[in-house]
Amino acid sequence: MRNTLFRTIALLCMVFLFFLFSCSSDKTDVGSRQSQGQGAASSRTSSEEGLPAEGSYAIEIVPANATKASRLYLVPKGVDLAGASIEWLVNGEKVLNPNPNEFDASNTRKNDNIQVRAIVQDREAISNIVQIRNSPPEISRVKIMPEIFKPGDALSVDVSGTDRDGDDVTFSYEWTKNGEPAGNNKQIASSLKRGDKVDVKITPFDGEAYGRSIILHREIVNLPPMILEDKKVHFDGNMYTCQIKATDPDGDTLTYSLKSAPSGMTINPSTGLIKWNVPIDFLGKASFIAGVADGQGGETTQELTLEIREEQKKQSARSL
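Numbering follows this note's numbering, with no gaps: position 30 of the sequence shown is 238.
In short, the hints are calculated from the structure, not lab data.
It is possible that some hints are incorrect.
What the hints assert, rightly or not - Dumping the calculated EDC-like pairs for lysine to aspartate or glutamate here, alpha-carbon to alpha-carbon at most 16 Å:
id, residue 1, residue 2
1, 351, 312
2, 401, 388
3, 385, 427
4, 302, 320
5, 405, 355
6, 409, 382
7, 394, 366
8, 276, 312
9, 453, 437
10, 493, 507
11, 483, 444
12, 276, 310
13, 453, 366
Keep in mind the model is a prediction, meaning the values are calculated, not measured.
Let the sequences and hints guide you as you build the complete structure.
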């Protein structure tokens, strides 16, 4: 009898617990469905208003890493900016800007803060802040000096630069000669000779950042000789002489020659002295071309014209 009573009580407890857990499960589902319904409603409300969820910008300025050379653009994030009132702000102050969707940063200064304020559907939207960063310096003009190298000369760099932020620009130099280091100053720290190959890397610096480097190349080549303008000419009535003189920047030994000349005209290959036994019946002008070579592939020529007048022959005859 007692055992039967215990079994009955245990059975009733199990039935009670079953109904209790069933009701709790139903309430949880209902609450979950209600929560989901509220989330959907919230999502619909945000979407209907045309603005993104809280915690994100409705509008964004790109690029984030901007300098004075940058053009900034306005990117909407889940909003339609058509018909919106847009203001560009520099350090919190409104500035005139002809195109509301982009901004030319050329008139800003380093460390200026750029932001956009927009009125979208009667609600204010504020963009991210973009700070104008340092603009790297640039090389505006550079060349190796002297332009015509002569033995004994030292190469140096003539360079100037610009900086959009108005910073002072300095330069670093890296010289190499035939692939080997040759100094880090404005002037190469090595003597040079014909055939040497020289490189120099120039890099601008504004105190904060290095700009783009430029590498210049120079090969020390042979320089041709130069014929001097001072020529000594003489005519004694029979013999015409002309002394050609030349110099060579490399100090090479020079050889003189005639490329074209009247019949019988000669030139001394070592001294450059031209001689011509003028024919008795010759009067007028005669042209000839003198050349001088340095033996290293360099050669210079010059066309000359002589004139024999009758008065010269008569004067020479009287002097005899």
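Ascending list of hint numbers which this structure does not respect:
1, 10 and 13
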